[in-house]
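Colleague: Protein chains in written order, with the numbering used here: chain B, 1 to 251; chain S, 252 to 502; chain R, 503 to 753; chain D, 754 to 1004; chain C, 1005 to 1255; chain A, 1256 to 1506; chain Y, 1507 to 1757; chain L, 1758 to 2008.
Think of the hints as simulated: they come from the structure by calculation, not from any bench. Do not take every clue at face value.
Said to hold, decoys possible - Cut-off 30 Å, straight-line C-alpha distance, at most; resulting in silico cross-link-like pairs (DSS-like, lysine-lysine):
(1) S/K347 with S/K321
(2) C/K1125 with A/K1376
(3) Y/K1602 with Y/K1576
(4) A/K1351 with A/K1325
(5) D/K849 with D/K823
(6) R/K598 with R/K572
(7) B/K121 with S/K372
(8) R/K623 with D/K823
(9) B/K96 with B/K70
(10) L/K1827 with Y/K1627
(11) L/K1827 with L/K1853
(12) C/K1074 with C/K1100
Claimed, not checked - Label-pair restraints from in silico Cβ distances:
(13) C/G1020 with D/V871: 41 to 47 Å
(14) S/A421 with Y/D1572: 53 to 59 Å
(15) L/T1907 with S/T365: 45 to 51 Å
(16) L/T1907 with D/A843: 40 to 46 Å
(17) C/E1156 with L/Q1928: 32 to 38 Å
(18) Y/F1613 with A/K1376: 44 to 50 Å
(19) L/S1778 with A/S1276: 57 to 63 Å
(20) Y/D1572 with A/I1348: 35 to 41 Å
For glycine and all other residues, C-beta sits at the position ideal for the given N, C-alpha and C.
This is what each chain is made of:
There are 8 protein chains.
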Amino acid sequence: MRVEELRLLLGRVRDGQIDTSAAVEALSAALREQPFADLGFAKVDHHRSIRQGFPEVVLGLGKTPDQIAKIAVQIVERGNPLLVTRADEAAAIAVKRVIDDAQYHEFARCITVTREVVRGKGTIALCSAGTADLPIAEEAAVTAELLGNTVERMYDVGVAGIHRVLAHRAQLESARVVIVVAGMEGALPSVVAGMVSVPVIGVPTSVGYGASFGGIAALLGMLNSCANSVSVVNIDNGYGAGCIASMINHL
Amino acid sequence: MRVEELRLLLGRVRDGQIDTSAAVEALSAALREQPFADLGFAKVDHHRSIRQGFPEVVLGLGKTPDQIAKIAVQIVERGNPLLVTRADEAAAIAVKRVIDDAQYHEFARCITVTREVVRGKGTIALCSAGTADLPIAEEAAVTAELLGNTVERMYDVGVAGIHRVLAHRAQLESARVVIVVAGMEGALPSVVAGMVSVPVIGVPTSVGYGASFGGIAALLGMLNSCANSVSVVNIDNGYGAGCIASMINHL
Amino acid sequence: MRVEELRLLLGRVRDGQIDTSAAVEALSAALREQPFADLGFAKVDHHRSIRQGFPEVVLGLGKTPDQIAKIAVQIVERGNPLLVTRADEAAAIAVKRVIDDAQYHEFARCITVTREVVRGKGTIALCSAGTADLPIAEEAAVTAELLGNTVERMYDVGVAGIHRVLAHRAQLESARVVIVVAGMEGALPSVVAGMVSVPVIGVPTSVGYGASFGGIAALLGMLNSCANSVSVVNIDNGYGAGCIASMINHL
Amino acid sequence: MRVEELRLLLGRVRDGQIDTSAAVEALSAALREQPFADLGFAKVDHHRSIRQGFPEVVLGLGKTPDQIAKIAVQIVERGNPLLVTRADEAAAIAVKRVIDDAQYHEFARCITVTREVVRGKGTIALCSAGTADLPIAEEAAVTAELLGNTVERMYDVGVAGIHRVLAHRAQLESARVVIVVAGMEGALPSVVAGMVSVPVIGVPTSVGYGASFGGIAALLGMLNSCANSVSVVNIDNGYGAGCIASMINHL
Amino acid sequence: MRVEELRLLLGRVRDGQIDTSAAVEALSAALREQPFADLGFAKVDHHRSIRQGFPEVVLGLGKTPDQIAKIAVQIVERGNPLLVTRADEAAAIAVKRVIDDAQYHEFARCITVTREVVRGKGTIALCSAGTADLPIAEEAAVTAELLGNTVERMYDVGVAGIHRVLAHRAQLESARVVIVVAGMEGALPSVVAGMVSVPVIGVPTSVGYGASFGGIAALLGMLNSCANSVSVVNIDNGYGAGCIASMINHL
Amino acid sequence: MRVEELRLLLGRVRDGQIDTSAAVEALSAALREQPFADLGFAKVDHHRSIRQGFPEVVLGLGKTPDQIAKIAVQIVERGNPLLVTRADEAAAIAVKRVIDDAQYHEFARCITVTREVVRGKGTIALCSAGTADLPIAEEAAVTAELLGNTVERMYDVGVAGIHRVLAHRAQLESARVVIVVAGMEGALPSVVAGMVSVPVIGVPTSVGYGASFGGIAALLGMLNSCANSVSVVNIDNGYGAGCIASMINHL
Amino acid sequence: MRVEELRLLLGRVRDGQIDTSAAVEALSAALREQPFADLGFAKVDHHRSIRQGFPEVVLGLGKTPDQIAKIAVQIVERGNPLLVTRADEAAAIAVKRVIDDAQYHEFARCITVTREVVRGKGTIALCSAGTADLPIAEEAAVTAELLGNTVERMYDVGVAGIHRVLAHRAQLESARVVIVVAGMEGALPSVVAGMVSVPVIGVPTSVGYGASFGGIAALLGMLNSCANSVSVVNIDNGYGAGCIASMINHL
Amino acid sequence: MRVEELRLLLGRVRDGQIDTSAAVEALSAALREQPFADLGFAKVDHHRSIRQGFPEVVLGLGKTPDQIAKIAVQIVERGNPLLVTRADEAAAIAVKRVIDDAQYHEFARCITVTREVVRGKGTIALCSAGTADLPIAEEAAVTAELLGNTVERMYDVGVAGIHRVLAHRAQLESARVVIVVAGMEGALPSVVAGMVSVPVIGVPTSVGYGASFGGIAALLGMLNSCANSVSVVNIDNGYGAGCIASMINHL
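Here chain B stands alone, though its shape is the one from the complex (with noise of 0.2 Å):
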């Protein structure tokens, strides 16, 4: 109930249209009315769109092929954009059953389906320090192109052969937001914020063996950033990293 809603309610009360346990009634409606529908197993949140700029996203991770595609079914049916993150081929048949148009990003392993979105105002960069970064830095490109935006990619450009970075400059320096995607010592994330006046988005990867503990070692790289640009997020998390360069990118 908005404002505009709420002074209609009161005219009638005033007017006599209505008499005033009615409008008790409907104000605690109001108040109790869930914005979001209910699955039982999931609350799909239709308001989010509103709230938020984008609509709810699906993480795929722990829910059954059946349980995506009907919250995938809530979700398109209001004539918005669709994003299943971490899912497989099977969660993708279930989708695609139902929604004629989803279309599966095996690298990336993300469904999608596109729709007209408000485009966000520059261009995102995103840069990956090694080839088996790669399914992450993709979640990030698909993310962020579904909410709008243009993605430059610049991958394997890893610190150890540092000139390779440096070729970039002048794509870096022309965009709004730069995700940096990142495993092994994650130290690109530093270099690069060193080389642009945005904020840099750090995408730690599990990649590696050994001492890096499934990315717990470019997750503290990039936590310790000597460079005050760059702020970080979860291990993997590529779809995060797109959203956020979205937003900001949106501004």
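Since chain B is already given, all that's left is putting chains S, R, D, C, A, Y and L on it; use the hints.
Modeller: Okay, now just chains S, R, D, C, A, Y and L, sitting in the frame of chain B:
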């Protein structure tokens, strides 16, 4: 050496006003030239405000008062504003001795010298979960204000009394970016992120005891946020959050 | 040997109906007597339902189907209800072969045999943060129901959409104890604890990825809760939460 | 604004005693109204004793004596009892200066002001494993007593001399809830839980050295308890255990 | 109540010299009787030297000088030897005030009162890796000597100069049990264990810096020893190693 | 080369029966001689049973069946008993093919060949906390039995039903050394150590889930035991415990 | 663009053979030029063998067979030797299909193509502690041999039988650099370092179980070595050790 | 006893100049002789400069000033240079009292006595990332210089201003080995390693706060370096890095 200088030099070579070996020398020198002042123990970066939109900031931790004062003079005498973080009383005295209008923010442990800077476009909302988180929150506030931003403080709005943060909904919704400072379980960024459609920067603090492990609990809580607009900086890094929020607010 | 039996025995000694060496023997035997059936690989505790108000529960993890079935028979043939947790299909088949009315709860991975038990006094509220937390939530629910409690389920009410849990305020306020199941940042118990005046039992789950570290993030989040009514059980220990909630609900 | 006030307001709207824009204002204000006193550095929660059965408790850690005294006055002047935990001598002096009957419990590091409260229904049993665990045990005891409970202390009953805790069987069996405080290996809650049929709240302490890692060993020991009635609070959190035990004892 | 006392009591019941309710009382009392002196803050175990071959030892850590002195008197006045570990100067002074022949071992931080005890059968070899490990080694030595053992010290024989420990082969081979104290990488127990055919007790110390993590490196090194005769005690637990070695040497 | 051989050699030098350069050679060779058979991938230690009282034991983990069989033959053909730990079915088949009387203990995952050895002097008591700890307990038992000891098994006597272990007091008191195998919170060794006056060897197991962290909780529990007679071996290292117990039982 | 090219260009500018805007272009292009081939998913570094003395090496982990084969061709067709580490059978087949003389080292999991390289000056000694450490030791050996070094292998010389490594003193003393590969407690590098006067490179392996934590114990052991000539590479990083040893051996 | 001495002895035996039992004695004594001076608390290794090319170095940590002075005298009176690391003022005074030309390096916390040593063949480059890393860098420098090396210092060249380290390319390329000292994210070694073809020794420092965890972040960053020429020493171990670099520079 910028492109215009290069063009000028080459024109003079063409016109025979300068011979080639002198030009070779000049070009080589330009490549060798260091864009920083070398104090032996530190290299003060004079190009940074050009490259990154704000001048070098001094991390006071592990530097002597004397070192800090010397670096401060290098920065201020070129007309730059000054920010020294993690500075104690002794450092403040040393700086004030050489810079008249230096200010010490005891609570935030910062030394500042204010100069005219470009203003950010909107407001930065700044929430903190508990009273003990204030020093870190103030570090973020002092940083952001020095960099030209308007900061709206909302303190002691932790999640265990959820009505406190809900009471600030309007202020939060009107901000261009939100900083959330929290120790203990670090849950506040997730809740705030669900209320706004702009980027949220989480700052875990070392406030707590026992299994808070000096801020690890809060850090992990924020990294694992179920909200997709939260990125995180190092434990107790109010300064970094202030910088990133300012960058976003200047876009 | 209870006090009444002791009194009886001593009366017989006094009356010369039994001589002292026989009485010494009897008393010594009573002290030696094992209140459990020894199966070699396991000791089934027959006094537990007397001592603790509910019979021994079988942790399926690390036991063979055959071992589980043998223990199950020992428990059920004395008229006790049966609960086997962390049980797979194979264990369920083995138990059903020897106990007709055994039931397998596939989602909760539990085998149960229901028997009449004392009913709890009020309701147990059961919240879970995300769809992927359901198996653990259901383990808690099945446990609590078997032990004689009414459980009110509120699923997918995570903190990033705070209105979802706020919508259940009435249900939460009417419960005698609340179980909150959450993975990722584990923030939900703090929020719920701020809404009720009864004990809240937090169950961290291993749901998440990256820096969730198999549930450590959620565990630490709950242990550091700024609310003072939250106590915590082991990661994924829905069963333990169900037991404790039942104990509280029977007080 | 309660339902009755709403009804009153709407009646006046209907009767034309108040015009609609004034009513809109009043309703909006009610939604904005904060149920707490904002001291700038802290928000004192005046509705808490209504919402949760006991007033706001002050965590002394990280607050100045002056801040603590100001918050204390806010709480006491509304007739509430006062509890400040983790308070040092200086804080106690500051509070006593403004509140005549404030008491300092040096051992438990708590400041209290006792007021009439609803009494708990039974006794709370309180065990501690070693002499060094006493400060935390006393924090739990002081908390529970202030909240209206009778506490039975059983100190220095660690598991390496199992006869010591067995000697308290009767006292333990007659309690409505048990708090067990233990450092080092944290094994006592498991043993106690096997002796009673009521909830056991484990409080790991930071007592120990070497591989006790500041209480982690005790914490993990309790979380992994093979007994199903043990839930756990943060390391050294005697206060939390006292609150939860009191809640259970008031059910 | 021993079996003979029970036999006596029952005879008196049979003979009518005592009525059954008194006998019930007496038997119940016997079960309740505590084999320890309760000082409130501590329970001094008087049966321990019977049960375990040596009297209760006092861990000084976390106890006040006054508490230590009171416990010490309880132990010594029954003719037992005294050992207080982790004791500082103040505790020593407090104990000496009440026990004339108490001795303080400053290096080992122990207070002792020597009494006649059963001698161990052979020698205990005691190796330490570096000079900084001596306090812990001496704690082990003082403990073992008080308990009646001959200790052969071999100090500063770390593995990086392997000839140093090889030079002690004869002494090592003639011992009945070996204690090896080492910080840093904790490799010495493995090497020593390869040279002897008796049990080796490893004591990791907190000596080191950086990645020694307060003794974790040494602890893990010893736990992972490729030698099959090494068992390990807590970091810096010289006392425990002395006790176990003494037990083995008395077998 | 023993002292007698040296004496003989020098006599021949003195008598001119051998010239000095040949003697130099012989002495140098003696120093070079390797007391082991080198298989390339492994060095089988033939002097070990002389040096350490029992022959080399083979850790199956990370060796191929073929490598294990070759090492086994080297050991057995010199008349030694054989023990291969962490061996799977395939390794057992490979060994049986070349050694007729090899036995596979499926539960304990060990291959053995029994030979006459010196008998230990008393019994080894072997307790395990839960049914799932049996494989590790059996590894300890098989090891100790092969090395000539009588083992008394007491299984499923965890601390949450303290009467179970108390029922074995007599058996425990008559042992010369006790092995205690426990996962989860690892509390059993402390309790057992309080009941006996001989060394207790704790074996933490990886049994458990969630915050047991693959045995870390049990390991820390045992290392922090408040009993002073507990030493600890690696997680799941039943074999090591069996060896050490045997060494002690042979003293 | 080297200095000579620059000189040539400027001469042509001076002589009017090229106009200044073309020269500006050429100079800018030179700065932009990438010294690598961009395959989209990877940038193959063609200048590396010039810059660093050996060509780019391919980490097979996380790359598809197809990606590996494409990169391999890029490297080999310029006359470089090839090394792919962490390569499985499938990758080997893909590479062999496009490069005739590629070899697969199954044990070391490496693919190599041998080419003439500068020989190292002396020998590299390579010790391993146990049989299970061989795959990592072989990775180091294959790497060092491909890079032109003579490697002397000394396998299964762990510290628990110290005579085994002492038997290799001469070989160790004659090496120019030593690689020591060890899992479990990782003590071997300290012992070896005490025997030689050249650098020792420690390679911790993930061999072990329980508290070896996938190589952490060995890693910490080596980092804390009391010998001052030990430096360490990542867990299981035989390749890195081979490279560094080769660099040292080529000095 | 060297081979020549042995030859001499045997000749005398052959010639009857010495009888065999005396020769046996002499040979046995030689085997017993300890190549170190035993001070009780320490064994000073006199053969080390023969065995390892430089004399024993004293780690000041955990030793008393008096112990340090006694060891220092033992070393210097044989004509060796002296290095005491981690030495405080008090230790320096104690050493200067007994050794006239001892020097204290306050910044590097080292005591040195310089003596003629063999010079290294080239230069050692020494980079540090930030001003706060200087004490550790200086420890490395003092060590390397004492051992006969020329050290080129490049301080405050962290990766967030990549042009700073690029400006030192020539100096780096001309070194024979590089030491890189860095705290926080520890990324500098990777970048430097990509610029040179000689070994790089990484020294992580404990500089940083929050998630730097006392140097763990930097340590992990270096261990996971994507460059293949980086090996690592313990956190803050400047001394070790200086030794290893010197060894390499003397090859």
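Colleague: None of the hints should be skipped; say for each whether it holds.
Modeller: Here is what the structure says about each hint:
1. S/K347 with S/K321: It holds: about 12 Å lies between the C-alpha atoms, which stays within 30 Å.
2. C/K1125 with A/K1376: Status holds; Cα separation ~15 Å.
3. Y/K1602 with Y/K1576: holds, 12 Å
4. A/K1351 with A/K1325: holds, 12 Å
5. D/K849 with D/K823: Given that 30 Å is the threshold and the Cα spacing comes to 12 Å, the pair holds.
6. R/K598 with R/K572: holds, 12 Å
7. B/K121 with S/K372: Given pair B/K121, S/K372 holds - Cα atoms ~15 Å apart, limit 30 Å.
8. R/K623 with D/K823: It is violated: about 42 Å lies between the C-alpha atoms, which goes past 30 Å.
9. B/K96 with B/K70: holds, 12 Å
10. L/K1827 with Y/K1627: violated, 42 Å
11. L/K1827 with L/K1853: OK: L/K1827 and L/K1853 at ~12 Å, within 30 Å.
12. C/K1074 with C/K1100: holds, 12 Å
13. C/G1020 with D/V871: 41 to 47 Å: Cβ of C/G1020 to Cβ of D/V871: about 54 Å, so the range 41 to 47 Å is violated.
14. S/A421 with Y/D1572: 53 to 59 Å: With Cβ atoms ~55 Å apart, the hint holds.
15. L/T1907 with S/T365: 45 to 51 Å: This hint holds: roughly 46 Å between Cβ atoms.
16. L/T1907 with D/A843: 40 to 46 Å: violated, 56 Å
17. C/E1156 with L/Q1928: 32 to 38 Å: Since the Cβ atoms of C/E1156 and L/Q1928 sit about 55 Å apart, the hinted range of 32 to 38 Å is violated.
18. Y/F1613 with A/K1376: 44 to 50 Å: Roughly 46 Å apart at Cβ, these two residues keep to the hinted range, so it holds.
19. L/S1778 with A/S1276: 57 to 63 Å: violated, 23 Å
20. Y/D1572 with A/I1348: 35 to 41 Å: Holds - the Cβ-Cβ distance for Y/D1572 and A/I1348, about 39 Å, lies within 35 to 41 Å.
When held up to the earlier numbered hints, the structure conflicts with 8, 10, 13, 16, 17, 19 and fits the remainder.
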